[in-house]
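S.K.: So you can see what is in the structure, the chains are spelled out below.
2 protein chains.
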Amino acid sequence: MPSMQPEELDDLYEFAIQLGKDAGRMLLEAAEKRWSGDGMINDYGEGEGGKEHVQKMNSVDLVTKTDEDVERFVKNQILTKYPSHEFIGEESYAKGGSKEYLIKDGPTWCVDPLDGTVNYIHLFPLYCVSIAFLLNGTPIIGIINAPFLSQLFTARSNHGAYLTTATSRHRLPLIRNPIPPLPPNAPTGCIFACEWGKDRRDRPDGNMQRKVETFLDMAAEVGGRGGRGGMVHGIRSLGSATMDLAYTALGSVDVWWEGGCWEWDVAAGICILQEAGGLITHGTPPEDFENAKIESVDLGSRLYLGIRPAGPSADESAREIQERTVREVWRRVRGLDYKRP
Amino acid sequence: MPSMQPEELDDLYEFAIQLGKDAGRMLLEAAEKRWSGDGMINDYGEGEGGKEHVQKMNSVDLVTKTDEDVERFVKNQILTKYPSHEFIGEESYAKGGSKEYLIKDGPTWCVDPLDGTVNYIHLFPLYCVSIAFLLNGTPIIGIINAPFLSQLFTARSNHGAYLTTATSRHRLPLIRNPIPPLPPNAPTGCIFACEWGKDRRDRPDGNMQRKVETFLDMAAEVGGRGGRGGMVHGIRSLGSATMDLAYTALGSVDVWWEGGCWEWDVAAGICILQEAGGLITHGTPPEDFENAKIESVDLGSRLYLGIRPAGPSADESAREIQERTVREVWRRVRGLDYKRP
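Here the protein sequences line up with chains Z and B, keeping their order. First residue of the first sequence? That's 1 in my numbering, and the numbers climb one at a time after it. First residue of the second sequence? That's 1001 in my numbering, and the numbers climb one at a time after it.
It should be emphasised that the hints constitute simulated quantities derived from the structure, not laboratory data. Fair warning: this is a prediction, and the values are worked out from it, not measured in the lab. There may be inaccurate statements among the hints.
Stated by the list, open to error - One-sided and incomplete, this derived list gives chain B residues near chain Z with beta-carbon spacing under 10 Å:
#	residue
1	1026
2	1030
3	1034
4	1079
5	1082
6	1173
7	1175
8	1191
9	1200
10	1221
11	1233
12	1250
13	1251
14	1331
15	1335
All C-beta atoms in this analysis are idealised placements derived from N, C-alpha and C, irrespective of residue type, glycine included.
Could you build all of it, start to finish, from the sequences and the hints given here?
M.R.: What follows is the structure in structure tokens.
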């Protein structure tokens, strides 16, 4: 099995962090062009110059161009420094036609230059770049940078996960003195993050209907919905699977459930979540959901369930608490139909 | 009718901004105590001191205490400087029992010391303080500060709305050279912000069911749901009506629809949205929704529909575009049952 020396990984981690910062800055600079052709306003005045250039393209074209520019930049930086590494990027992949799972054992970068594309089109603040480095198919370095929020999430296997903002730096999860357990009756009391997604076909057993049934089961009062009511504390939809994962690592989201993502959406986030002490497993409940072994999810499975880092309680270990929560979520969620084409 | 001199309002605006900053800092400092009894970590170490004090209270108690502390601080600051002004705060109001609409014509402050309480309990980043100053029942100064995001929204009647972050300052809406119109077939192509709320009773015609029916109509493919499918570009739920409104003023959210808020949740946000050029009207569709006059909503109505600032297109004025969007949303939304108790 391929392996790397710690010094080599030190270097890789530093490089990946800088790459995340640079790519985030590119996203922000491209956004700035849209809100003022002349960069940001400093006072009450408004930027004017360069406006015509931007107005020639519509926002979707501009975003596609930015997505491609950032991917090209990241790919070039990586392959210049590490010519033997594999690079899998959302943009190049998407254009290649096939969406086979291509991640092998060798050193591989898996990159989404822009996650939350719809958010970015609307300049809704929750967009980010996601950069993961994998060895033996496992993400061991993860970087997520949400530049408009000044939130940089970084993790390296066995070295912890961190959030750096404009003014502070935190080890994840945010609350860790001690890390709180999940509620005894989870999902009750939990923040549940989920997304409506792009599949909006109005079919009785389609993904949209299955998602809504799941949302309702998680939301409804205890005892409601034929006993499946989960009475979660809140349902949140941010429009970015990557940010959902980052906020699960932060400890702010207790349960994240999603179908339809690709490996470049989740590789960095899974590394960050696991380094923070979170659990990631299959989004589709196994048949014997009450007893099935809870395994780490395949990166390419497209269906995920993430549980935040938890501390132990008087009666249960952290892992027992997380596994209990997984089963209670599985009890309520529908299997979704997202296959690899 | 009560009126004020411009110089007096200058002073009030500066005071309100400083108050928003100070209150936001209090929220952040109370959060810091939860993630490390000793303030934030600076490097890889973790804070330790003071931890016992915090652990004696659970997170809900801590949040309630912070909510009350911030309200007391804001109220004291206001009544010390402006002893003749009225103060209406979420916390004191809630405890008073009656929830009559109390805003009169005189100078009045309407304050939510902490909006997004559930978010704050979980340290989910989207929480904020909301401070509005009203004259003749109309919010003419609005301040929203989301301290963990370093996002400070400020507006004063006829002076524009602004977002100040840790690194930049923007006049709202963010894109204004020119301000884009809404899509010709809105709500298709729009970002739709909505909340699941606290009413989770599992009843066929309850608020939760009506909300879900509405969400589905907005989400479904065009032609779906018996012709009501709106195929919005994305559905977002942030867990804070105040932040939803702020992001509508930013131009990132196109349509915000919510029931169950109180005047302290929305007074500052409505001022900011209107100053940015947005429209706010009734959340419940009138019977003749295709022709009814589109009026500004009553602040105490608890049911709101907000439309982002829009620029004109070749065929329609900005207001015509917004009104067309209102009617297309009204076509799809259910009336909700939130009365004043």
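S.K.: Would you check whether residue 1079 of chain B satisfies its interface hint, that is, whether its CB is within less than 10 Å of any CB in chain Z?
M.R.: With a minimum Cβ separation of about 31 Å from chain Z (threshold 10 Å), the hint on residue 1079 of chain B is violated.
S.K.: Are residue 1335 of chain B and chain Z close enough, Cβ to Cβ, to be under 10 Å, as the hint says?
M.R.: violated, 20 Å
S.K.: Does the CB of residue 1082 of chain B sit less than 10 Å away from some CB of chain Z?
M.R.: Status violated, d = 26 Å.
S.K.: When the nearest CB of chain Z is found for residue 1175 of chain B, is that gap smaller than 10 Å?
M.R.: holds, 5 Å
S.K.: Measuring from the C-beta of residue 1221 of chain B to each C-beta in chain Z, is the shortest one below 10 Å?
M.R.: holds, 5 Å
S.K.: Holds or violated: is there a CB of chain Z closer than 10 Å to the CB of residue 1173 of chain B?
M.R.: Hint on residue 1173 of chain B: holds, closest Cβ of chain Z at ~9 Å, below 10 Å.
S.K.: Minimum Cβ distance from residue 1191 of chain B to chain Z below 10 Å?
M.R.: holds, 5 Å
S.K.: Does the interface hint hold: is residue 1034 of chain B within less than 10 Å of chain Z, judged Cβ to Cβ?
M.R.: Status holds, d = 6 Å.
S.K.: Take the shortest C-beta to C-beta distance between residue 1251 of chain B and chain Z; is it under 10 Å?
M.R.: OK, holds: residue 1251 of chain B within 10 Å of chain Z, min 7 Å.
S.K.: For the hint on residue 1331 of chain B, just tell me whether its beta-carbon gets within less than 10 Å of chain Z.
M.R.: violated, 16 Å
S.K.: Given residue 1200 of chain B as an interface hint, is its Cβ closer than 10 Å to any Cβ of chain Z?
M.R.: Residue 1200 of chain B check passes; min Cβ-Cβ to chain Z is 5 Å, inside 10 Å.
S.K.: Against chain Z, with CB atoms and a cut of 10 Å, does the hint on residue 1233 of chain B hold up?
M.R.: Nearest chain Z Cβ about 5 Å off; hint holds.
In summary, the structure is inconsistent with hints 1, 2, 4, 5, 14, 15 from the numbered list given earlier, while agreeing with the others.
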